[in-house]
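Colleague: The lines below spell out each chain.
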Amino acid sequence: MDKTQIIKELAKIVTPYTEEKSALENIGEDTDFITDLKINSANLVDIVLDIEEKFNIAIDNDSMAKMLTVKATVEIIETKLNAG
Amino acid sequence: MVTTSKKILDQLPYGKSFLFVDELLHLDENGAKGTYTYHEDLPFYEAHFKNAPITPAVILIETMAQIGLVCLGFFLIENTKTDQNISLAMTSNAIDFLKPVYPGEKVWVTSEKVYFRFNKLSCKVKMENALGEIVCKGNISGMLISKAHE
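Chains A and B, in that order, are what the protein sequence lines are. Throughout the first sequence, residue numbering follows the UniProt record's numbering, covering 1 to 84 in sequence. Throughout the second sequence, residue numbering follows the UniProt record's numbering, covering 1 to 150 in sequence.
Honestly, the hints are just simulated from the structure, not real lab data. Any given hint might turn out to be false.
[Unchecked claim] One-sided and incomplete, this derived list gives chain A residues near chain B with beta-carbon spacing under 10 Å:
1) Asn26
2) Asn40
3) Ser41
4) Ala42
5) Val45
6) Asp46
7) Val48
8) Leu49
9) Ile57
10) Met64
11) Ala65
12) Leu68
13) Thr69
[Said to hold, decoys possible] From the derived model, a few chain A residues whose C-beta atoms are all more than 10 Å from chain B:
14) Asp2
15) Thr15
16) Lys80
Just so it is clear, CB atoms sit at the ideal spot from N, CA and C, and this is done for glycine as well.
Use the sequences and the hints to build the structure in full.
Modeller: Rendered as structure tokens:
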């Protein structure tokens, strides 16, 4: 799965957790979950759990702490997918 | 068990007029069970509703959250104690209300942990009355908040 596909899947996952429709339509590497999509920390946990399920990977606490932007999240997903 | 529940009840941050836990009957890493009796002199009965006192749904949610989410959360972090002052904030809930709860009724709340990850605790909860009927049920989630200094 390449970066574009991962971002497309991420957009699907975050859709139920954001009201920022235009930020969501323009989602890209620079999108910040908290400042751009206005997602709170509780929903960020659900997003990470959905990512684990969708990509069949395990996210640890250190990775979770870094997953604040699409860029960082894609990098973590890619790393975990390659390691698996 | 008695010591554990007492320790957890002592940690609860609620004042007397907003404490909705009387006793904790069971606590383990997968869930909690406790009771509360809504005394007739609770202040909201005077106004909810005028001449027709009934326990507000929001109080039923609070009761399920205090027993099912907060007490369980405190139990789960018992072994990972830090110097920090920890509290739990309710972040979402989805509850169905099936039966009314009148002044004087005792209720039993049971919660089952769905997950506890990245400081978020999500639980399936139900409240039963003295007849064993489910009065409300659903899902409640909260985040652990660390307060480094009071």
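Colleague: Checked against the structure, which of the hints given earlier come out wrong?
Modeller: 1, 9, 12, 13
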